[in-house]
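Participant: Chain residues, written in single-letter form:
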Amino acid sequence: MSDIDARLDQWLKTNTYHHSDFWDLRELVKAKEEAGLTISLCIPTLNEEATIGKEVIVFKSELMDRYPLIDELAVIDSGSTDRTLDIAASFGADTYLSSDILPEYGDKPGKGENLWKAIYQLKGDIICYVDADIKNIHPRFASALVAPLIYRPEVDYVKAFYDRPLAFSDELRPSGGGRVTEILVRPLFSMFFPELTALMQPLSGEYAVRRSVLESLPFPIGYGVETSHVIDLYQAKGLDAFAQVDLDKRVHRNQSTVDLGKMSFGILQTFLNRIQANGMVSDLPDLHGQFRQFLAEGHRYELTRKEIVEEERPPMISLPEYLIKHDR
Amino acid sequence: MSGDRVVFYREKLKSLREVLFANIVMAAELPAPTGKEERLTDFLCHRFTEYGLDNISLDEAGNAAGVLSGESMERNILVAAHADKVWKDSEDHTVTVGAGEMSGRGIADNSLGVAALATLPLALELLGITLKSNLILLGTTRSFGRGNLEGIRFFLNNTEREINSALCVEGMQLGRLSFASLGMARGKITIEIPDGCVSGMCGVVDALTQVGSRLVEMAGESADESELLIGSIEAVSGYNVPPVSGCIRFEIRSSEAAKVSEIEKQIFDLVAGFQTSVTLRADLEMFAHRRPGKLESGHPVVTEAREVLGALGIEPRETPSISELAPLLNHRIPALTLGVTRGEHRHLANESIELAPVFDGLAQLVAMIEFMDSHDLSFD
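Chains as they are written, first to last, in the working numbering: chain G, 250 to 577; chain W, 6 to 385.
If you are wondering where the hints come from, they were derived from the structure by calculation, not from laboratory data.
Computed from a predicted structure; not experimentally measured.
Treat the hints with care, as some may be off.
[Said to hold, decoys possible] In silico DMTMM-like links for lysine to aspartate or glutamate, alpha-carbon gap of 20 Å or less:
(1) G:K498 - W:E96
(2) G:K357 - G:E560
(3) G:K498 - W:E43
(4) G:K279 - W:E55
(5) W:K17 - G:D314
(6) G:K498 - W:D47
(7) G:K498 - W:D94
(8) G:K498 - W:D97
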């Protein structure tokens, strides 16, 4: 066994959990209170009226009213045209339009923008991000992610991962390693950051992070936000800053291969930018944002072109407004 | 119970909105096909544990029970909700929450009933109600189809506690007031080609058609108070493969046990006629029976239920039941089946419930429990 393999093996033993390891929510709340931590749960949304109500109901009832683990439950929306915000508010979530937060910095499209602005808007020492499109929502999607941060002060960033079933329908897809992870990200990590291959699902949208870490990270606002987080934190603090939790099955809307192509392009931009900035490669060509795909209809092939530019927001700690609001 | 009081209960219970709604979502997203209800009964047990109930247990039939011990503990009130759903494990149990409604497989039947059961201890606590009687909360198993109410039957046949009165909770419809249970018999007629026989392309189908036609005639001949329902007709094959077997499932319902037996006998004779065929074999299997039973329309619990519903502005709909109520009445326990809210599309993938009326439904349950707690009720 190589040194890296041994290291990964050891890390998997110590920093990989199953959600059932944290079944005792009463104990978890007690530990959180003893640690003097506050926790914010952030759900970024864009037209999620079908699932947002359920997520808010379950998290609020189970993790605020029944077990006071979460101190703040917020929905940060990119400008939904459906009833996402109304429904979320009607069930007790704090709701914000991303464009209303730090308006002097403008409003950029992309989920990463919401995640970045959440750091400014929310109050918790820990911020737990949970995607809004989970169909089989359960309190564990938040409680099990914050648990390692409560019990282990040396852990800064906790990622979710899920079962990998053998079969799934076209309509709904249980999350496994994910196609983009297995075809793009894991090969890249294997090549450049082999220790990060231990993260089962580095792109998962469910993770909990200490504010002290989040505020220091730059934020790509598009597809690359999770990839950049993982690389940046790894380079700053090493693998031991991470933990991961198996949340069993997660069911969400399936994405088309075309959409996954766009996602991969955005992630690749972020990745190449990172390794170039770190001096791991040189002489890369201009990392433009033109992504080309072809639609075939019979013998006719139509070129589609999409501009995918992975803009980055600076670390929140660099904003004067943030320093004032959060007494930094 | 004064009308003002139950209305006060309804308004106060609205503060349990998140708890109740979360219970509905969590109960609905756990698959619980008949005979495989463990995930849902475990959920109920966890809830009972959180509320500090006594005697929390899963019995041999898989029923989940918890007891909210009363002050005097002289009487026992049972509140039961069947945990099983008509949906298979593999079906999508996702719940959608909209403004004012929830939808998803099994949301009304009977995830809402189970959720109401799980929320009752908190409702009583919120309203400051302390019961003299023990309140036994029971999530029952094996209610549907071949389950034949085995869960509630096991409980009633084996519990050491005398049950003095009972409520059965169904998710919908609010206003339902069942105090009578129909006699019922469920069965399956199987037609098959014995090994080695050849019956042509249409042998089984012809036979099924004949039997089905005769059953339809019998259904038409049934007395007013009796029904013969054909549930399904199946003959398994491909387009160009003659079926070697097929079946008809049926249900007989009547308010009189003798009528059920009479129709069952007619079907037995019909099937026996086919037994003489060389090329086809017919079998009759009866797998579920209920004996009819009823409380008098003027029984105090029935009268009180009407008053409670009236106070909430709900018109009672007095309909007989073939569910958990039957064995309770057979055990001569004063019992009712009540619904919690209004809903639609029962047993369809888009089954839905209205959220606003659930507080009427919950208030109604609390009011009836209070009534049962304060009255020494007999069956007659």
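Participant: Now, for every hint given, state plainly whether the structure supports it.
Facilitator: Hint check:
With a C-alpha separation of about 15 Å, the suggested pairing of K498 of chain G with E96 of chain W holds against the 20 Å cut-off. Restraint check: the Cα-Cα separation between K357 of chain G and E560 of chain G comes to about 9 Å, which is no more than 20 Å; the hinted pair holds. For the proposed pair K498 of chain G and E43 of chain W, the alpha carbon gap of about 18 Å is at most 20 Å, so the pair holds. With a C-alpha separation of about 16 Å, the suggested pairing of K279 of chain G with E55 of chain W holds against the 20 Å cut-off.
Distance restraint check for K17 of chain W and D314 of chain G: the Cα-Cα separation of roughly 17 Å lies within the 20 Å cut-off, and the hinted pair is therefore satisfied. For the hint linking K498 of chain G to D47 of chain W, the alpha-carbon distance of about 18 Å falls within 20 Å, and the restraint holds. Proximity of K498 of chain G to D94 of chain W is assessed by CA-CA distance (about 14 Å); at most 20 Å being required, the pair is judged to hold. Using a Cα cut-off of 20 Å, the hinted pair K498 of chain G and D97 of chain W holds, with the two alpha carbons roughly 13 Å apart.
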